[in-house]
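In the order they appear, the protein sequences are chains A and B. Per my numbering, the first sequence runs over residues 1484 to 1859. Per my numbering, the second sequence runs over residues 4 to 282.
Please note that the accuracy of each hint is not assured.
[To be verified] No farther apart than 20 Å at their CA atoms in a straight line, the calculated lysine to aspartate or glutamate pairs in the EDC-like style are these: (1) Lys-1856(A) / Glu-139(B); (2) Lys-1855(A) / Glu-139(B); (3) Lys-1653(A) / Asp-148(B); (4) Lys-1635(A) / Asp-1827(A); (5) Lys-1649(A) / Asp-1588(A); (6) Lys-1815(A) / Glu-1832(A); (7) Lys-1556(A) / Asp-248(B); (8) Lys-53(B) / Glu-1851(A); (9) Lys-1855(A) / Asp-248(B); (10) Lys-1583(A) / Asp-248(B); (11) Lys-1694(A) / Glu-56(B); (12) Lys-1800(A) / Glu-1813(A); (13) Lys-1855(A) / Asp-176(B); (14) Lys-53(B) / Asp-1848(A); (15) Lys-1818(A) / Glu-1851(A); (16) Lys-1856(A) / Glu-56(B); (17) Lys-1705(A) / Glu-56(B); (18) Lys-1653(A) / Glu-139(B); (19) Lys-53(B) / Asp-1698(A); (20) Lys-1552(A) / Asp-248(B); (21) Lys-1705(A) / Asp-248(B); (22) Lys-1598(A) / Glu-1584(A); (23) Lys-124(B) / Asp-1632(A).
[As the list claims (entries may be wrong)] Far from chain A, by Cβ distances over 12 Å, these chain B residues were calculated: (24) Gln-10; (25) Pro-18; (26) Phe-33; (27) Leu-102; (28) Arg-104; (29) Leu-107; (30) Ala-123; (31) Leu-147; (32) Arg-192; (33) Met-226; (34) Gly-229; (35) Pro-232; (36) Val-237; (37) Phe-241; (38) Tyr-246; (39) Gly-247.
Read the hints as simulated data drawn from the structure, not as lab findings. From the three backbone atoms N, C-alpha and C, an ideal C-beta is built for every residue, glycine too.
Next come the chains, spelled out residue by residue.
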Amino acid sequence: MRLLTIATSLAALIAASPLAAQTLNVASAGDQNMVDYVKDYLGPMFEKAHPGVKVVAVGTGPGDSGSQKIYEKLDAQKGSATTDFDVVVIHQKAAGQMVKEGLLDKYTANVDTSKLATGDAAKNALGTDVSGYVIPMFQSQTALAYNADMVKTPPATFAELADWAKKNPKQFGYNGIKGGMSGVAFVAGWVYAFGGDADKLMKGPYDAATKANWDKAFADLKAFNANATITPGNAGTLDMLNRGEIAIGPVWVDMFYSWQADGKLPPNMKLKLISPGMPGQPMYYSIPEKSAQKKLAEAFIALATSPQVQADGIVKKFNWYPGIDAKNLEGKLDKAAWDKLFTDVTPAELANNGKPFPIAPYFNDILEGYEKKVAN
Amino acid sequence: MSISQRQLALLLVAPGLALVAALFLYPLSFSLISAFTGPQGGVSLDAFRKAWEFYSGDVLFTVVIVLASCLFTGLAAIIIAGTLTLGENRWIVGTLKALYRWPLFIPFIVAAQCMRTFLAKNGLMNNSFVALGLMEPLQTVSFLDWRGIIATFVWKQTPFVALLLAGALAAIDRAMLEAGRNLGASRLRVLVELALPQVMPQLLVALVLSFVTMLSVLSVPMMVAGSQPTMLTVDMAFRINSYGDYATANALGVITYLLSAGAAIIYLKRGMAAKEGAP
């Protein structure tokens, strides 16, 4: 009898323990603020709603390299029964590749909030059809930040910027292409402006001969660089703007607002989204094909893409543009918070000049062209 | 069954050997194979062609930066070690002794982060000069480029070289140095003509080790300087992170091996010479 009691209680313990210690591993590419978002904001909220679940946030590093690390992990665990990650937050370039290689789960039909994200970004990641596999976490945008005391009338186009930089040597600064995505975005914007047919670069189809048309754009960029300051990284550009060492530089809009809110940038800094446009990109929520806890992961993403969380967390707390369609946030957000997001860059400017990055093969061509013809 | 002396010796080195094989030789051969494999498989030099076409400037930049850093590190270490050995002002020697090792305990990435704000145009260094009235604000320049990398490397590696050098200098026969002093040679002359020639092997070894260390640092060029031109470590990281292109990254790795192999040859030759010279 006693033996039976012990046996049953032991069995009950074994049956109960996975429930009691359920862990949801969320791997996030991107800067530290992305990890903080899950660790400090979203994770605790989800744990409250699902007692017994523990959310573990892992950061894999900024930029495409962070997503590359997630890709390598999933790729390496392709043969095993389950992966270590249950939810991944990834960039567009990696999302396309992972979908193509079957590393992601087609989950969005099981998550109601996926109907709230109908923009192009939810379906198309740099030329790859990703519908069903991703829901945008947020949209981010690059723009030029400038010191309004030093620059009274900021340039409005890339051509004006080139003139301005010639007249004000070393006052424009960006981080090249190896120090973070704000510099990459600037270079992509430059090719959109001077390389001809920008639409084709964003929508395809890919034609390997196109890159031959960019020679002049790259030669001009090389001349432009002679008058520019090359900064160390995304944060390096903001640092130099803050210290008054440069007057204009490309930055991520969300980083800009966050730094300004923290007092790390003077209040006289403003943003300008110049034409014909600069790229922005979403981050995606996805579930690995081999995740052991798909149901829980879906519940997590449903919470993360609900209008209230998008309003409070994404827009108000972290200054990103919402991942789901903006109209779903109506009534969830006070006007002041909404207006703050559009202080310098108006919704109309964002619609006209906020571009996607080029499709993946053109993207690589631009980076390699820059390395070969501008940097070396 | 008893094991012979020889078998025992083999058994003892086995764990170490296995570690070297698993953690160094195995990945090394992987990267070598990848560097010499073409996009369609088969042996090919494509990756090297690409590496050279894209990064020839950076190869040169890396070599110049590391050599210049070695040179300045050597000079600074000689000054510090020389002062420690031949200095007569007890206060200066004591302070220097207490301070010079500190950078040894600071990781490269932390040093790079400090230099980022220290060497900037309106950074701590220039602002101090301006506040002292030595400079006008408009005269300040940013050192966040190749000069910043060299400054960080020299700052970080000098204590290591100085430590080895000071040890070697302390071990040489004081009588000869004192004889030189008695015959009227200045301290500088004693250092350069009497002391240094005797510790050249140690200095060279320390510099070779520094050379290889600096060649492998990613954080400093990444954080201190802009990316064009930049060092090979940054290019390797970029090749992998942006294109998933391991072949070219490994080709750059092989180029780095060759550079450090040059240094290793000097190191080994020194070792051999020392052995042959020993009684």
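The hints, checked one at a time:
1. Simply put, Lys-1856(A) and Glu-139(B) have alpha-carbon atoms about 38 Å apart, too far for the 20 Å limit, and the pair is violated.
2. Proximity of Lys-1855(A) to Glu-139(B) is assessed by CA-CA distance (about 39 Å); at most 20 Å being required, the pair is judged violated.
3. Simply put, Lys-1653(A) and Asp-148(B) have alpha-carbon atoms about 13 Å apart, close enough for the 20 Å limit, and the pair holds.
4. Pair hint Lys-1635(A) plus Asp-1827(A) holds up; C-alpha atoms about 15 Å apart against a cutoff of 20 Å.
5. Distance restraint check for Lys-1649(A) and Asp-1588(A): the Cα-Cα separation of roughly 50 Å exceeds the 20 Å cut-off, and the hinted pair is therefore not satisfied.
6. Of the supplied pair hints, the one linking Lys-1815(A) and Glu-1832(A) is violated, its CA atoms being roughly 24 Å apart against a limit of 20 Å.
7. For the suggested pair Lys-1556(A) and Asp-248(B), the alpha carbons sit about 16 Å apart, so the restraint of at most 20 Å is met.
8. Distance check on the hinted pair: Lys-53(B) and Glu-1851(A) sit about 10 Å apart at the alpha-carbon level, within 20 Å; holds.
9. Between Lys-1855(A) and Asp-248(B) the alpha-carbon distance is near 16 Å, which keeps this suggested pair within the 20 Å criterion.
10. With a C-alpha separation of about 18 Å, the suggested pairing of Lys-1583(A) with Asp-248(B) holds against the 20 Å cut-off.
11. For the hint linking Lys-1694(A) to Glu-56(B), the alpha-carbon distance of about 17 Å falls within 20 Å, and the restraint holds.
12. The hinted pair formed by Lys-1800(A) and Glu-1813(A) meets the criterion: a straight-line CA distance of about 17 Å does not exceed 20 Å.
13. Straight-line distance between C-alpha atoms of Lys-1855(A) and Asp-176(B) comes to about 56 Å, which puts the hinted pair past the 20 Å bound.
14. Taking the CA atoms of Lys-53(B) and Asp-1848(A), the gap is near 14 Å; set against the 20 Å cutoff, the hint holds.
15. This hinted pair does not check out: Lys-1818(A) and Glu-1851(A) have alpha carbons roughly 44 Å apart, beyond 20 Å.
16. At roughly 10 Å between alpha-carbon atoms, Lys-1856(A) and Glu-56(B) fall within 20 Å of each other, so this suggested pair holds.
17. Among the hinted pairs, Lys-1705(A) with Glu-56(B) is consistent with the structure: their alpha-carbon atoms are about 17 Å apart, no more than 20 Å.
18. Taking the CA atoms of Lys-1653(A) and Glu-139(B), the gap is near 18 Å; set against the 20 Å cutoff, the hint holds.
19. Taken as a hint, the Lys-53(B) and Asp-1698(A) pair is honoured in the structure, with Cα atoms around 19 Å apart against an allowance of 20 Å.
20. This hinted pair checks out: Lys-1552(A) and Asp-248(B) have alpha carbons roughly 13 Å apart, not beyond 20 Å.
21. Between the alpha carbons of Lys-1705(A) and Asp-248(B) the distance comes to roughly 25 Å, so the proposed pair goes past 20 Å and is violated.
22. For a cut-off of 20 Å, the pair hint linking Lys-1598(A) to Glu-1584(A) is broken: about 25 Å separates their Cα positions.
23. At roughly 19 Å between alpha-carbon atoms, Lys-124(B) and Asp-1632(A) fall within 20 Å of each other, so this suggested pair holds.
24. With a minimum CB-CB distance of about 38 Å to chain A, Gln-10(B) clears the 12 Å threshold, and the non-interface call stands.
25. For Pro-18(B), the non-interface assignment is confirmed: its Cβ lies about 27 Å from the closest Cβ of chain A, beyond the 12 Å cut-off.
26. For Phe-33(B), the condition that its CB be more than 12 Å from all CB atoms of chain A holds, with the nearest at approximately 14 Å.
27. Remark: the non-interface label on Leu-102(B) is consistent with the geometry, its nearest Cβ contact in chain A lying 28 Å away (cut-off 12 Å).
28. Non-interface status of Arg-104(B) relative to chain A is upheld: no Cβ of that chain comes within 12 Å, the nearest being about 28 Å off.
29. With a least beta-carbon separation of about 25 Å from chain A, Leu-107(B) lies farther than 12 Å from that chain, consistent with its non-interface assignment.
30. At roughly 6 Å from the closest C-beta of chain A, the C-beta of Ala-123(B) falls inside 12 Å, breaking its exclusion from the interface.
31. The beta carbon of Leu-147(B) is not kept farther than 12 Å from every beta carbon of chain A, the shortest such distance being approximately 6 Å.
32. No Cβ of chain A approaches the Cβ of Arg-192(B) within 12 Å, the least distance being about 43 Å, so the stated non-interface status holds.
33. Annotated as non-interface, Met-226(B) brings its C-beta within 12 Å of a C-beta of chain A; the closest such distance is 6 Å.
34. A Cβ of chain A approaches the Cβ of Gly-229(B) within 12 Å, the least distance being about 3 Å, so the stated non-interface status is violated.
35. The claim that Pro-232(B) lies off the interface is violated: its Cβ sits roughly 7 Å from the closest Cβ of chain A, which falls inside the 12 Å cut-off.
36. Listed as outside the interface, Val-237(B) is inconsistent with that label: its C-beta sits roughly 6 Å from the nearest C-beta of chain A, within the 12 Å cut-off.
37. Under the 12 Å C-beta cut-off, the non-interface status given to Phe-241(B) relative to chain A is violated; the minimum distance is some 5 Å.
38. The Cβ of Tyr-246(B) does not lie farther than 12 Å from every Cβ of chain A; its closest approach is about 6 Å, which violates its non-interface assignment.
39. A Cβ of chain A approaches the Cβ of Gly-247(B) within 12 Å, the least distance being about 6 Å, so the stated non-interface status is violated.
In this structure, the hints that do not hold are numbers 1, 2, 5, 6, 13, 15, 21, 22, 30, 31, 33, 34, 35, 36, 37, 38 and 39, in rising order.
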